[in-house]
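Top to bottom, those sequences are chains A and B.
When the count follows my numbering, it moves up by one through the first sequence with no breaks and lands on 458 for the last residue.
When the count follows my numbering, it moves up by one through the second sequence with no breaks and lands on 69 for the last residue.
Mixed in with the good hints there might be a few duds.
In silico DSS-like cross-links for lysine-lysine, where the CA-CA straight-line distance does not exceed 30 angstroms [stated by the list, open to error]:
(1) A:Lys-392 / A:Lys-78
(2) A:Lys-241 / B:Lys-42
(3) B:Lys-42 / A:Lys-201
(4) A:Lys-335 / A:Lys-407
Derived from the structure by calculation, the hints contain no laboratory data.
What follows is each chain in one-letter form.
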Amino acid sequence: MTKLKYDVVVVGARVGGSTSALFASKSDVDVLMLEKRQEIGTPVQCAEGVTYNTFETLEIKPNEKYIRSRIKGANIHAPDGRCINYEGGVAEGLVLDRKVFDKELASEAAKSGSDIMVKTAVKDLIIKDHKVCGVIAKHLGETIEVKADVVIAADGIESNMARMAGLKTIQSPKQICSCAQYEMVGVDVDPNYLEFYFGENVAPKGYVWIFPKGDGVANVGVGIRSPDKTPLYYLDKFVSKLDAKPVELNIGGVPLSGPIEKTYTDGLLVVGDAAGHVDPITGGGIHPTITCARIAGEVAAESVKNEDSSSNYLKNYEKLWKKEVGKGLSQSAKFRKMADKLSDKDMNLLAEFIENQDIESISKIAALKFVGKNPNLMKLLTEIL
Amino acid sequence: MEVQSEYCGYCGSCVTVCPEGIIELAENGLKVEIGCTDCGNCVYVCPMGALIVEKDDD
Numbered sequence: 074m075t076k077l078k079y080d081v082v083v084v085g086a087r088v089g090g091s092t093s094a095l096f097a098s099k100s101d102v103d104v105l106m107l108e109k110r111q112e113i114g115t116p117v118q119c120a121e122g123v124t125y126n127t128f129e130t131l132e133i134k135p136n137e138k139y140i141r142s143r144i145k146g147a148n149i150h151a152p153d154g155r156c157i158n159y160e161g162g163v164a165e166g167l168v169l170d171r172k173v174f175d176k177e178l179a180s181e182a183a184k185s186g187s188d189i190m191v192k193t194a195v196k197d198l199i200i201k202d203h204k205v206c207g208v209i210a211k212h213l214g215e216t217i218e219v220k221a222d223v224v225i226a227a228d229g230i231e232s233n234m235a236r237m238a239g240l241k242t243i244q245s246p247k248q249i250c251s252c253a254q255y256e257m258v259g260v261d262v263d264p265n266y267l268e269f270y271f272g273e274n275v276a277p278k279g280y281v282w283i284f285p286k287g288d289g290v291a292n293v294g295v296g297i298r299s300p301d302k303t304p305l306y307y308l309d310k311f312v313s314k315l316d317a318k319p320v321e322l323n324i325g326g327v328p329l330s331g332p333i334e335k336t337y338t339d340g341l342l343v344v345g346d347a348a349g350h351v352d353p354i355t356g357g358g359i360h361p362t363i364t365c366a367r368i369a370g371e372v373a374a375e376s377v378k379n380e381d382s383s384s385n386y387l388k389n390y391e392k393l394w395k396k397e398v399g400k401g402l403s404q405s406a407k408f409r410k411m412a413d414k415l416s417d418k419d420m421n422l423l424a425e426f427i428e429n430q431d432i433e434s435i436s437k438i439a440a441l442k443f444v445g446k447n448p449n450l451m452k453l454l455t456e457i458l
Numbered sequence: 012m013e014v015q016s017e018y019c020g021y022c023g024s025c026v027t028v029c030p031e032g033i034i035e036l037a038e039n040g041l042k043v044e045i046g047c048t049d050c051g052n053c054v055y056v057c058p059m060g061a062l063i064v065e066k067d068d069d
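Bound-form chain A, shown alone (with noise of 0.2 angstroms):
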């Protein structure tokens, strides 16, 4: 049995792993990053956009080689048929190629010194007197052990990282978007809007999305919250009014309970989605996930400095991270259960409202005026509140 090791250990390389890997590199740490698949960026469990801050946050320059398309606002569809256009703001961004974006962050991480092992499936923790000091992997049938003051889990939503470590990782399944995304060639939308799509029909308890990639390339993907029937199944509904053909199909899970419980203990830290860091409402986690991943790497790496990766250290990891996106995800999640409760009807008066305003400049006054002549609206609001 090959024996390593390092000062961290990050399990993962999606953006959650080589974020906190890059980190962790950056404070002058030995790092050693593993991903099980071959290589990394595969499969696509992702719509692709991002917002130009996780580029702030992630300190990096965004790179033309993994750009597909510039963002300037969205498309709403209201479940029947209304189109609310967003400009800016939140809906403001990138469609990248996650595939080359994902293997640049790793490359980033490489370059600031991590140490990096693809085809490597971490199959066992290394716990000792409770700490966990390492992990035991996988690579081409040889195991393999590495010690580590600090384990990162940046497993995703199939985690067990976590669970091992005696975490609640567990997720209710109603708290799962279960998604299905075609990559389609000849989809006829602005190459710089984002396209949402409402409705029970279309998507119950969720959406359609089409992000455009450029050159009537797009993906187009729906996430759902239904036992009835697959996403699979409603992607082929809406697709099937579409004249494009697909390239690639993408599926996967998204929690949207918000984060864990907790997302430390004694020597392991846990980010992104094995976290719960995505946005309740929208589904979105790159943000977040980087927001945490950052914070994780660099409180590993102030933990190994200070030879201190207890629970009590390390408990900084949660109170730096719920400081920075905390607020926002509890907030999204009230915001979500309000959603959930909105049927087609509810979903459409409100498409009537915003129809013909600038929705940034809505008075408080007209809004409470519309509320409170749809009792429906105004009982969950009153919930929510």
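Given the coordinates of chain A, assemble chain B onto it according to the supplied hints.
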């Protein structure tokens, strides 16, 4: 629970909802250990409809 491997896309959604923690996304596919209670959580979230549990008619 039964896996119809020809439908499975190895996304791992089932792993996170399994209360028994017996599903693993292994290198060569989905690995299910003994101990399944047929609770149906994994069936609920599977994007491909690849998982089947025996329905209790009682």
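Here is what the structure says about each hint:
As the CA atoms of A:Lys-392 and A:Lys-78 are separated by approximately 28 angstroms, the hinted pair is consistent with the 30 angstroms bound. For the given pair, A:Lys-241 sits about 21 angstroms from B:Lys-42 by alpha-carbon distance, which is consistent with the 30 angstroms threshold. Between B:Lys-42 and A:Lys-201 the CA atoms are separated by roughly 27 angstroms; this keeps the pair inside 30 angstroms, and the hint holds. For the suggested pair A:Lys-335 and A:Lys-407, the alpha carbons sit about 19 angstroms apart, so the restraint of at most 30 angstroms is met.
Violation of the numbered hints given earlier is absent; every hint is satisfied by the structure.
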